[in-house]
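Protein chains: 2
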Amino acid sequence: MTGARSMQAALPHIVIVGGGFAGLWTTRALADLPVRITLIDRHNHHLFQPLLYQVATAGLSAPDIAAPLRHILRRQKNVEVRLADVVAIAPHDKCITLADGDTVAFDHLLLATGATHAYFGHDEWAQHAPGLKTLDDALRLRRHLLLAFERAEAEPDPARRAAWLNFAIVGGGPTGVELAGTLAEIARHTLKNEFRHIDPSQARVRLIEAGPRVLASFPDALSEKARRQLEKLGVDVSTGTPVSDITGDGYRLGDTFVPAKTVVWAAGVAASPLARSLGVPLDRAGRVPVLPDLSVPGHPDIFVAGDLAAVASDGKPVPGVAPAAKQMGRHVAQALRARLAGQATSAFRYQDYGNLATIGRMAAVVDFGRLKFSGLLAWWFWLTAHVFFLIGFRNRMIVLLNWFWAYWSYQRGARIILGADRDDQARSTRQA
Amino acid sequence: MTGARSMQAALPHIVIVGGGFAGLWTTRALADLPVRITLIDRHNHHLFQPLLYQVATAGLSAPDIAAPLRHILRRQKNVEVRLADVVAIAPHDKCITLADGDTVAFDHLLLATGATHAYFGHDEWAQHAPGLKTLDDALRLRRHLLLAFERAEAEPDPARRAAWLNFAIVGGGPTGVELAGTLAEIARHTLKNEFRHIDPSQARVRLIEAGPRVLASFPDALSEKARRQLEKLGVDVSTGTPVSDITGDGYRLGDTFVPAKTVVWAAGVAASPLARSLGVPLDRAGRVPVLPDLSVPGHPDIFVAGDLAAVASDGKPVPGVAPAAKQMGRHVAQALRARLAGQATSAFRYQDYGNLATIGRMAAVVDFGRLKFSGLLAWWFWLTAHVFFLIGFRNRMIVLLNWFWAYWSYQRGARIILGADRDDQARSTRQA
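Chains as they are written, first to last, in this note's numbering: chain U, 1 to 432; chain C, 1 to 432.
Simulated from the structure, these hints should not be mistaken for lab results.
Be aware that one or more of the hints could be misleading.
Unchecked claim - Listed below are the simulated SDA-like cross-link pairs for lysine to any residue, each with C-alpha atoms no more than 20 Å apart in a straight line: (1) Lys-77(U) / Lys-316(C); (2) Lys-133(U) / Gly-419(C); (3) Lys-77(U) / His-189(C); (4) Lys-94(C) / Arg-36(C); (5) Lys-77(C) / Phe-195(U); (6) Lys-192(U) / Arg-204(U); (7) Lys-232(U) / Ala-221(U); (8) Lys-192(U) / Asn-78(C); (9) Lys-316(C) / Gln-343(C); (10) Lys-133(C) / Pro-273(C); (11) Lys-77(C) / Pro-200(U); (12) Lys-372(U) / Arg-213(U); (13) Lys-77(C) / Arg-196(U); (14) Lys-133(U) / Thr-116(U); (15) Lys-77(U) / His-197(C); (16) Lys-316(C) / Pro-292(C); (17) Lys-77(C) / Lys-94(C); (18) Lys-77(C) / Ala-10(C); (19) Lys-316(C) / Tyr-353(C); (20) Lys-192(U) / Arg-161(U); (21) Lys-192(C) / Arg-74(U); (22) Lys-77(C) / Ala-221(U); (23) Lys-372(U) / Glu-224(U); (24) Lys-77(U) / Glu-194(C); (25) Lys-192(U) / Glu-80(C); (26) Lys-316(U) / Asn-355(U); (27) Lys-77(C) / His-189(U); (28) Lys-192(U) / Ala-162(C); (29) Lys-192(C) / Arg-75(U); (30) Lys-232(C) / His-189(C); (31) Lys-133(C) / Gly-419(U); (32) Lys-192(U) / Arg-75(C); (33) Lys-77(C) / Arg-75(U); (34) Lys-77(U) / Asn-193(C); (35) Lys-192(U) / His-144(C); (36) Lys-192(U) / Thr-38(C); (37) Lys-192(C) / Gln-76(U).
Here the structure is a predicted model, which means the values were calculated and not measured.
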């Protein structure tokens, strides 16, 4: 223990687990408070998750959408950032346990560890249909997508070649729609002229949504527009039938088995399993049903925010989107101030500023309640909003430059296959 | 076999193994020739190796210094790019074998697979002292360097903390000098204010050269200037004593064992082991002593270029640098043209345009024979030359923007720890 540490030991200790939108926004909103904050994350960076699909589809580099938590918080002297994996919470003992067995005591705790993908009880699908939640997921998916074209090029058998050029994205939410639209653009434009034995534009990109329409959180008319924009980009949109099996060779839709070497999972979301150790009832997705002030029932010193929290506002469930996580983060900071001042906390209210999703080149949908629009204008709006909200001046400039370049040239700067192990490379060459 | 393929089967088949400077420059110089070229590389990209240390030290993203070979060559219709690993050459049968067992017959072959790092008979050092040759090496090293500061921050024991803050770079050539200078800058400036328990500027960066001076390929006076510039940046330069042991806990220099958790290998270089299957005598570094026209003795249809070739020009051995590899690549293209036209080939002559090395922030050395300079002007010259030679307009712009940002803010954009496995994270947390 250093001297500075023991001096501060008398200050209330707030532990924040998770440096995503909720955790980081709480931390920043407590900058002027005489407290000791420990922000713990298993990664060294805050991730701008809304652009993760761009890293997966080789449009952006990993560092373009991430910033080191230490750097973001370097001037906030009441914060210590710790790179560690939290494995358990002891709510009654008011401490958490780290993966190395070390424990950290807290006076107040914010749990904001977010969500991961869920396979609806089919965990065996995970190995064949990777999801997209972390930068490592994105780089793995990028590698898989780029190698699929390489393997198709090296495959003389037409049926097997077709399987390499068959791409399925399961889940018609914003991530699925973004991935499908971008993948169609890559096949039709980016890879043009680069292969000698295949025509990448013959690749089949299918978006599979079990429900009746894509972008179900948008009004019917915008869902329909999104579908038409996707089809214009060359995406085959399938709705109303769930995928019933996924193997290493393809997927089953209804009664048909479709040979496909690439299936991407953008469907189920499950809350971080850490919530279980709170010892309170969870909802079906594993989220923590919190009180209106975002604290955990029976534990007024423990808060949950972001995708891990199940809460309603104005009678409607708050969606698992970045603006909601930021608002919850700021609300938890207010609630902590109130607690420390011995005052009552207020109920969280979600301010819905609108809903936007991008589809692909020059196509997007925007829903501001009364104002709804789609197409090129919506796409410009989406682009501006996303660049504006990116953390860090440098990232914004680099991302903008990348996008201008991509728009002008149809090229994607990050088409680099990394982490290739020898086995994969051997398999990628022609198997006669 | 496609129709287009069998039609072309009558054309001479030139196989080029390796898409580095030598292989790519040969390929491009054959664009107008009625031949069939197959360019085989185990990676999907050409790598601008001179800037690899910038990826390792988090200044640039991996895709900034790499471009897909398919994309570079998309308009050159006589080339087919194949992503594959070549494991053997049968010079008499005129074919090569790929890792999956497939064989590729050639009429003419260029072997340009470069070099890898060598540990002077101490292969057990490899696990403790990683080298820097590929993008995967660079990302692994970046991860290690960034985690070292994280672990120091989490380590309460002063001796163990000091070992995490002790960095040694073995080898005082250009790569070692660049790494040492940049690492000192990161410790002194980039990480300032970000940690709460350590002072990153207390990190000790030591550059260890077994010979009498750093940058031995430069004149004495510039070596001395480089040494002084390194010391000004905070690097401890050790010359004249080789490292005699490297373990997971440190290294031995002379009689002293120095505890250090990070040792980077920038010393030995060994030619790609593929050369052995040529069946001709190799030099001590495993390179192929070629004839003056760069063909292999006894095999006029097989050429070797780049770091894999041992050749003299004007009585001096040609150095293993990018300009020499490009010149050899262009010379092989000329020699192939001569062979196909039934003419005699000429001897390769290396045109030495000068030698430059960067040291760190605003420090570099330049040797143009009569004109020698160092310091800020040399640094600007180095920067301009490197950006100019980067392949691809987009990369140049992105790299320039990154550098302006880094220069202005002392920040490094790519400080993102990727590929973290749980064990590493657990170890990185405080062990009480």
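Index of numbered hints that the structure contradicts, given in increasing order:
1, 9, 17, 22, 28, 33, 35
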